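Trainee: This is what each chain is made of:
Number of protein chains: 2
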Amino acid sequence: MYQNEIIIDGLQYCYWDRSYFQSLQKSGVTTVHATLVYHENARETLTRFAEWNLLFERNADLIMPVMSMDDVREAKRLGKVGIFFGAQNCSPIDDEIGLVEVMRKQGLLIMQLTYNNQSLLATGCYEKDDAGMTRFGKQVIEEMNRVGMVIDMSHSAERSTLEAIDLSSRPICISHANPTKAHAALRNKSGDVIQALTARGGLLGFSLYPFHLPDGSKCSLDTFCQMIADTANEFGVEHLAIGSDLCLNQPQSVLDWMRNGKWSKSPDYGEGSASNAGWPAALPWFPDSSGMNNIYQGLRDIGFNEAEVTAVMGRNWLNFLEAGLKPTH
Amino acid sequence: MYQNEIIIDGLQYCYWDRSYFQSLQKSGVTTVHATLVYHENARETLTRFAEWNLLFERNADLIMPVMSMDDVREAKRLGKVGIFFGAQNCSPIDDEIGLVEVMRKQGLLIMQLTYNNQSLLATGCYEKDDAGMTRFGKQVIEEMNRVGMVIDMSHSAERSTLEAIDLSSRPICISHANPTKAHAALRNKSGDVIQALTARGGLLGFSLYPFHLPDGSKCSLDTFCQMIADTANEFGVEHLAIGSDLCLNQPQSVLDWMRNGKWSKSPDYGEGSASNAGWPAALPWFPDSSGMNNIYQGLRDIGFNEAEVTAVMGRNWLNFLEAGLKPTH
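Quick mapping for you: the protein sequence lines, in order, are chains A and B.
If you read the first sequence in this note's numbering, its first letter stands for residue 1, the second for the next number, and so on.
If you read the second sequence in this note's numbering, its first letter stands for residue 1001, the second for the next number, and so on.
Since the hints were made in silico from the structure, they are not lab data.
Every value quoted in this text rests on a predicted model; they were computed, and no experiment measured them.
Don't be surprised by glycine CBs; every beta carbon is placed ideally from N, CA and C.
It cannot be assumed that every hint is accurate.
Claimed, not checked - Straight line, CA to CA, 25 Å or less: simulated DSS-like cross-link-like pairs of lysine-lysine:
| # | chain 1 | residue 1 | chain 2 | residue 2 |
| --- | --- | --- | --- | --- |
| 1 | A | Lys105 | B | Lys1265 |
| 2 | A | Lys128 | A | Lys76 |
| 3 | A | Lys26 | A | Lys76 |
| 4 | A | Lys326 | B | Lys1105 |
| 5 | B | Lys1326 | A | Lys105 |
Said to hold, decoys possible - Stretch by stretch, here's where chain B covers chain A in the computed footprint (C-beta under 8 Å, at least three residues):
| # | region |
| --- | --- |
| 6 | 265 to 276 |
| 7 | 318 to 326 |
When you get a sec, could you build the whole thing from the sequences and use the hints?
Mentor: Below, the structure is given as structure tokens:
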């Protein structure tokens, strides 16, 4: 359906193996922002990079690493799936400002400043109180701006997010979250945040994770597309994209790791609960990356024109990252 | 004197600051192989990279990072000093094969497999017994060959060195050592080693460290140049270069770190002794990088023609690294 277009999924954390790469290639997605780490520190992050290098070496017919948007175009030309990396937390830089540049050079193109909890940089969306950007956090924003590492506030709390948008000299992203207006959840974003984000040239990636959606796993394709249409009407379609948050073929232990890392002795259930501790059921119209075809069609059906749909499905990410990844000096 | 030539010093570990970079630039040296680490593990190596990134940022008018020989030519064009990195030990990869590629990508272009002691890869030159390349060591050689990280056996023992030369599918280097024939020292290299090294296209960098020289700090320029001439006659000038081992402006604590790392409780004196534990006195004709001018002239005076001298002073390193840094796949 969208065979001539560049399609970018702005967040996935699947079980990365050859059979998944084959399904990704088949789905027609050009490039995926893959979560490299959740809670891994600098040293552990190197091992994640090493594991990915081996995946690239052994699946070179299917995937290729993406360090710039030229690589995305090259992936499209070659019919391969481009992969670029982001961290869902600031753990890869430990407590060291110089590791921003080191990790950027290694291929970490995007970094969230927090993952649900308070970090050394900012406050996560599950904390009760949000004191905003920390002293270290302000320096890290400046350094990320300098080296061209994109700031992502998907899992951050409101005040921290607003401050990050304001402090950053470059547009930032919320790679995977939905408007609170569509579904009230700690992980979703207020109108104030989306207003500030988009006014500064930032990008919002709509999430397909059922906990972020109205009606959860029963959310219809039409409801999802209507949410995008409403947001486009209010803030402009040029700021909107997809960050599916697809976590396919992952065992429960990975969900536990995402939620608990090494910080919690008693189980934390994140967006779930003790009685609903597992992965949410998949959306029938988004069982895997091939669901991007359904979104494409759903957006057309709801009234977006072709140019708008292709912008949301990939070109907005492409333009945002093209600018955001350039070092300033 | 050699203002139109590319001059490469194949090993230095000086106190890297702005005033030293100024003296380097003034000396006319185009590019220096800087030792990044001696005993630092993977995590600590990241901090060394971060420290260098800051030096590059703050001294961008004087120095620039070198990732390929095109960068060396660019440095020459810009009148800056190019810096590329090597490790004197295999400590940056911990015990993890995948870190070879990670460190290569970060800018570690050369790695010694041992530093005086037994390592996880091979035997160092101060060990009593040399059992040759280890199981891990053989895999690391193959991986270094694959990603284009140059193998350096300067501080390795004889058998390990011969095995590394033989096992490696690509030429290796001994970046800084002299022939045992000129001066018997555990750190210097036998005729067998130099024969095997050069027969496989490898490169020997002559050291200016007084402990490696006949007559130590009293070694004359003429004696030094005669040593190069004798080696050229026996093995071919195209395999010879300079690796000065210059350690300027470093305190005693750095010498202690080089010799003892974290492995020794009782002081190890390396090539020194309890009664001679300090830095050796500098050679009067090689007080700093400007001494490269004296070597240039000394080699001319002893009978090398212009093309031979410029090969030894830089072009041999350039050609060797141009080939050696290319990944094979």
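Trainee: Please go over all the hints and tell whether each is borne out by the structure.
Mentor: Hint check:
Under the criterion of a C-alpha separation no larger than 25 Å, the hint pairing Lys105/A with Lys1265/B is inconsistent with the structure, at around 37 Å. About 44 Å separates the Cα atoms of Lys128/A and Lys76/A, which puts this hinted pair outside 25 Å; it is violated. About 13 Å separates the Cα atoms of Lys26/A and Lys76/A, which keeps this hinted pair within 25 Å; it holds. The hinted pair formed by Lys326/A and Lys1105/B meets the criterion: a straight-line CA distance of about 19 Å does not exceed 25 Å.
Taking the CA atoms of Lys1326/B and Lys105/A, the gap is about 19 Å. The hint holds against a cut of 25 Å. Coverage of the region 265 to 276 of chain A by chain B is violated. Counting CB-CB distances below 8 Å, 0 residues qualify, and the rule asks for three or more. Counting residues of the region 318 to 326 of chain A whose CB falls under 8 Å from any CB of chain B gives 0; the rule of at least 3 is not met.
Violated hints for the displayed structure, listed by number in ascending order: 1, 2, 6, 7.
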